[in-house]
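Based on the provided sequences and hints, a complete structural model is requested.
Protein chains in written order, with the working numbering: chain U, 1 to 150; chain A, 1 to 151.
Just so you know, these hints were derived from the structure itself, not from any lab.
Predicted model, so just to flag it, every value in this text is computed and none were measured.
Some hints here could point you the wrong way.
[Unchecked claim] A short, non-exhaustive set of chain A residues, derived as facing chain U with CB atoms under 8 Å:
#	residue
1	Ala69
2	Tyr81
3	Val93
4	Arg96
5	Asp124
[Unchecked claim] Here are some chain U residues pointing at chain A (derived, C-beta under 7 Å):
#	residue
6	Tyr34
7	Tyr35
8	Ile47
9	Thr70
10	Ser75
11	Val78
12	Ala86
13	Thr93
[Claimed, not checked] Only pairs whose alpha carbons sit at most 20 Å apart, straight line, appear in this in silico EDC-like list of lysine to aspartate or glutamate:
#	chain 1	residue 1	chain 2	residue 2
14	A	Lys98	U	Asp102
15	U	Lys136	U	Asp102
16	A	Lys64	A	Asp11
17	A	Lys64	U	Asp28
We put the beta carbon where it would ideally sit given N, CA and C, even for glycine.
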Amino acid sequence: MSTRFEPGTQFRLPPRPMTRERMRWYVDIQDTVYYDDGRIHPQPPTIHDDDAYAKKQGLPGIIADGMISTNWILSLLVDVFGPDAASRGRLRTKYIAPVYEDQVLITCASVASVHDNEQGETLYQLDVWCEDDTGKKVTVGEARVHSAAR
Amino acid sequence: MATGRFVTDLDRGDVMGPVDYTMSRFVVREYCHAVEMHQPCFQGIDAQIAPPTLVHLDKLRLYKHACPAGTGPTARLHIEYDATLHAAVPVGVPLRVKGTVTDRFMKRGREYVLVHIDLRTAGDDRLLIDYRDTVILAYKGKDDAAGGEKS
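Dropping the structure here:
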């Protein structure tokens with residue numbers, strides 16, 4: 001019998017610093033996906049991996065691509081609900097504050113509501129967010145997960 | 001119509017694509033490695049599926065197709081990801097992605113661009129993901145936030 005999570009249940013990943021490497025991995029993956037030839041394709045300087053370029057764009061330094069935090073939220077949902085979380089439902093994230101180098105992020109989700117549908121699925125509505133180690137939210141959003149009957 | 005040159009030229013009503021491609025096992029593994037998602041469903045230990053967040057890179061795929069001159073004079077700031085998932089994205093199956101610029105407007109001195117992306121299987125036209133993406137085109141204000149995107 002599968003676990004049923006009630007409203008108010010919270011999930012959190014361990015703290016992770018947004019290192020320069022993590023930012024660069026997301027830069028390098030973009031053209032690597034596009035060319036899909038089995039090799040890594042770096043990009044020209046971006047605001048995520050080049051301090052001088054970021055400053056030229058009016059930023060104090062490099063900032064993380066918001067999709068990193070979106071993926072960390074997705075990862076948390078897949079840890080909790082399995083592949084269902086990557087198959088049906090919805091994920092919406094909004095980047096409300098910049099994430100700078102070495103800022104520590106904690107990825108969180110909280111069950112807002114739960115109900116069963118006629119197909120025998122359990123539908124979870126969740127609040128999702130990433131906060132830093134002072135509790136300041138930098139990414140906020142919502143998710144809907146269709147958890148299949150097991 | 002503002003396709004054919006810079007991303008910063010894109011305007012409401014512009015259509016990007018469709019573009020056909022096949023999601024490879026390498027791309028899924030490499031992407032998941034980059035964002036530290038090591039779950040078996042993405043690694044191909046049993047059946048492999050793609051993380052739905054890869055649809056964000058479909059936007060960059062469409063930009064390359066529709067805006068061959070590149071980004072334009074300013075970096076973009078990605079501020080919102082909003083994806084509705086209809087089915088898991090399969091690996092090794094031909095896919096078709098299409099983008100439409102649904103809005104471009106000024107708000108508090110900033111220029112917003114909204115793009116809707118539709119990802120389907122190419123063979124039977126089955127909807128997998130519909131994705132709404134919001135960016136700010138230029139952000140040289142000191143209090144601007146968010147997740148910045150590309151050069």
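Here is how each hint holds up against the structure:
Taking 8 Å as the C-beta cut-off, the interface hint given for A/Ala69 is violated, the closest approach to chain U being about 14 Å. The criterion of a C-beta within 8 Å of any C-beta in chain U is met by A/Tyr81, whose closest approach is roughly 5 Å, and the hint holds. Hint status for A/Val93: violated, given a least beta-carbon distance of 14 Å to chain U, over 8 Å. Taking 8 Å as the C-beta cut-off, the interface hint given for A/Arg96 is violated, the closest approach to chain U being about 16 Å.
At about 17 Å, the closest approach between the beta carbon of A/Asp124 and any beta carbon in chain U exceeds 8 Å, and the interface hint on this residue is violated. Because the beta carbon of U/Tyr34 sits about 6 Å from the nearest beta carbon in chain A, less than 7 Å, this interface hint is met. Among the interface hints, the one on U/Tyr35 is violated; its C-beta lies about 10 Å from the nearest C-beta in chain A, farther than the 7 Å criterion. Because the smallest distance between the Cβ of U/Ile47 and any Cβ of chain A comes to about 5 Å, under 7 Å, the interface hint for this residue holds.
At about 5 Å, the closest approach between the beta carbon of U/Thr70 and any beta carbon in chain A falls short of 7 Å, and the interface hint on this residue holds. Hint status for U/Ser75: holds, given a least beta-carbon distance of 5 Å to chain A, under 7 Å. Interface restraint check: U/Val78 against chain A, minimum CB-CB distance 5 Å, threshold 7 Å, status holds. Restraint check, U/Ala86 versus chain A: the minimum CB separation of about 6 Å is within 7 Å; hint holds.
Among the interface hints, the one on U/Thr93 holds; its C-beta lies about 5 Å from the nearest C-beta in chain A, closer than the 7 Å criterion. For the hint linking A/Lys98 to U/Asp102, the alpha-carbon distance of about 36 Å lies beyond 20 Å, and the restraint is violated. The suggested pairing of U/Lys136 with U/Asp102 holds, with an alpha-carbon distance near 15 Å, which does not exceed 20 Å. Note on A/Lys64 and A/Asp11: the hinted pairing holds, with a Cα-Cα distance of about 16 Å set against a maximum of 20 Å.
Annotation: proposed proximity of A/Lys64 to U/Asp28 holds, straight-line Cα distance about 16 Å (limit 20 Å).
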